[in-house]
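*Asks:* For the sequence shown, full-length UniProt numbering begins at 1 and goes up steadily by one.
In case anyone wonders, no lab produced these hints; they're calculated from the structure. Everything numeric in this text was worked out from a predicted model, so none of it was measured. Backbone N, C-alpha and C fix where the C-beta goes; we use that ideal spot for every residue, glycine too. Check each hint, because a few of them may be wrong.
[Stated by the list, open to error] With a Cα cut of at most 35 Å, we get these calculated DSBU-like pairs of lysine-lysine: (1) K334 with K243; (2) K109 with K126; (3) K97 with K323; (4) K193 with K109; (5) K227 with K286; (6) K97 with K27; (7) K286 with K317; (8) K97 with K41; (9) K243 with K39; (10) K317 with K97; (11) K157 with K41; (12) K176 with K97; (13) K304 with K286.
[Stated by the list, open to error] Computed spacing ranges between beta-carbons, pair by pair: (14) K286 with S33: 33 to 41 Å; (15) K193 with P37: 22 to 30 Å; (16) K272 with P117: 38 to 46 Å; (17) K317 with S342: 38 to 46 Å; (18) S301 with P117: 43 to 51 Å.
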Amino acid sequence: MPRSGAKGAGQKKSQAPAAYKLPEQFKSGEILSQTQPQKKKWQLGDVIGQGGFGLIYKASDVTDSEPSSDPPYVIKIEPLDNGPLFCEFHFYQRAAKPEFIAEWTQLRKLRYLGIPPLLGAGQHTKGGKHYRYLVMPRFSTDLQKVFVNAGRSFLEKTTYSIGLRMLDALEYIHDKGYAHADIKASNILLGYKNGNIDYNQVYLVDYGLAYRYMVDSTHKPYKEDPKRAHDGTAEYASRDAHKGVCPSRRGDLEILGYCMLEWLSGHLPWEKFINDKEKIKELKIKYMNDLQDLMQTCFGSQNKPEGLRKYLAVVSKLAYDEKPDYGQLRQLLKPGAGNEWSLALPTGETVSPQKGTKRKSDSYEPLQAKVAKTNSKADVTTPKLSSRKGRAPVANGKRASAKLHNASSEGSGPSGAKLKITILRKTFSSPAASVTTPRARKTPSKTQNGSTQTLGGAKVKASSSSITKRVTLKRKRLGNVNSLDSGVQTSPSLMTNDG
1 MPRSGAKGAG QKKSQAPAAY KLPEQFKSGE ILSQTQPQKK KWQLGDVIGQ GGFGLIYKAS
61 DVTDSEPSSD PPYVIKIEPL DNGPLFCEFH FYQRAAKPEF IAEWTQLRKL RYLGIPPLLG
121 AGQHTKGGKH YRYLVMPRFS TDLQKVFVNA GRSFLEKTTY SIGLRMLDAL EYIHDKGYAH
181 ADIKASNILL GYKNGNIDYN QVYLVDYGLA YRYMVDSTHK PYKEDPKRAH DGTAEYASRD
241 AHKGVCPSRR GDLEILGYCM LEWLSGHLPW EKFINDKEKI KELKIKYMND LQDLMQTCFG
301 SQNKPEGLRK YLAVVSKLAY DEKPDYGQLR QLLKPGAGNE WSLALPTGET VSPQKGTKRK
361 SDSYEPLQAK VAKTNSKADV TTPKLSSRKG RAPVANGKRA SAKLHNASSE GSGPSGAKLK
421 ITILRKTFSS PAASVTTPRA RKTPSKTQNG STQTLGGAKV KASSSSITKR VTLKRKRLGN
481 VNSLDSGVQT SPSLMTNDG
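Construct the entire structure; sequences and hints are all you get.
*Replies:* Spelled out as structure tokens, the structure:
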């Protein structure tokens, strides 16, 4: 059923009916048999997240070994007739096989590429019901939680370093003919290594909206469609998306620019109009045509991030079907990133969210924390499933796709995980951070002036109420998932009979 036409400014589109089934929860120890691309057996562990359409489990490869007590994999499971995970399968099979990612990483001489590889996929039958599953690496918390814990402000060094890793990921995705269309902090996950959070690795996840903008070496034409207007997450959506134009390379780069603007300034100038998408579109068009005004509005009398202004200037001039010069964009961010492979993310401390446009000075060395395992593991999640509903297939070969739910924002990971953190403190120009201490532990730590203080076992946590409200795409139910057009590539080879 096609969606109705776009509503007037400030009016919400009609809510799509609830259409997708949630699977029953499998008991820990359930075995899933995989036949493609090779025979494997996966054993489910505990549930660590719930998406809008499915559940996410810890998982062990038990093909030739016993299950792990701390498995490095996760499995997403959905009912077979649900569309969202099927769409994400497609992107992974066409563009994210481990050998593809390894080859790109080696050729580009990267330390890593922030794209999750597809590790396995298949079907499972239980109690006469059929399910589809996807095997992914296990990751840690999402960047949005870190951003909120940091008082909604990142250093220029942190912002540009993350931006460079996202440029790596986007260049790879674009080279495979896809646009991501939904870059944001909650879709960027931190690494997970040896039971600990890896604060120097970030991965772009959630490919439920990945759109194939290039088919047979031909770029999709520029076409404004009012029925698709404002698709995506309103705060970060590109100007093209607000006009109903299909995702593209320049759209992804614009979305990343808005993310970096928020990470540096703590806010976006249109966020107070979150329920008026036409107003948001007008403001984005206005500010992208006057970047000096945008910088002044966001940063006032503070130092303006010149690297970001130049980045947005280049992006604003790209044609819809133009191949970006990713090297040029990297050169604009590198001076502010310093050692770009060290993200300098704040770790182990919780800072009250700051209002207004204040951002931290870059004149201090950020907190460095060593996270060690104690009685339980650090909070870990998986590539996110999205809460957005699927767009209905429409006539004349128009695209139908769906996004998968963000798992990490919904109680993923063990609650009350204990982190043992050793903190080296430098002088801050912003208010001192407060440490949440679940249990007092006398660990003397010297400051620069020689005084000592006692820090507890710090625990990283984020309040969901403090996270900026996200307005996401309203979509309608997918029909027969095999009828999707080339905007989201279907793949019968993933449809295996493993039941």
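*Asks:* Now look at each hint and say whether the structure bears it out.
*Replies:* So, going through the hints one by one against the coordinates:
| no. | hint | in the structure |
| --- | --- | --- |
| 1 | K334 with K243 | holds, 32 Å |
| 2 | K109 with K126 | violated, 45 Å |
| 3 | K97 with K323 | holds, 24 Å |
| 4 | K193 with K109 | holds, 21 Å |
| 5 | K227 with K286 | holds, 23 Å |
| 6 | K97 with K27 | holds, 29 Å |
| 7 | K286 with K317 | holds, 14 Å |
| 8 | K97 with K41 | holds, 19 Å |
| 9 | K243 with K39 | violated, 46 Å |
| 10 | K317 with K97 | holds, 33 Å |
| 11 | K157 with K41 | violated, 43 Å |
| 12 | K176 with K97 | holds, 12 Å |
| 13 | K304 with K286 | holds, 19 Å |
| 14 | K286 with S33: 33 to 41 Å | violated, 56 Å |
| 15 | K193 with P37: 22 to 30 Å | holds, 25 Å |
| 16 | K272 with P117: 38 to 46 Å | holds, 40 Å |
| 17 | K317 with S342: 38 to 46 Å | violated, 32 Å |
| 18 | S301 with P117: 43 to 51 Å | holds, 46 Å |
In summary, the numbered hints that this structure violates are 2, 9, 11, 14, 17.
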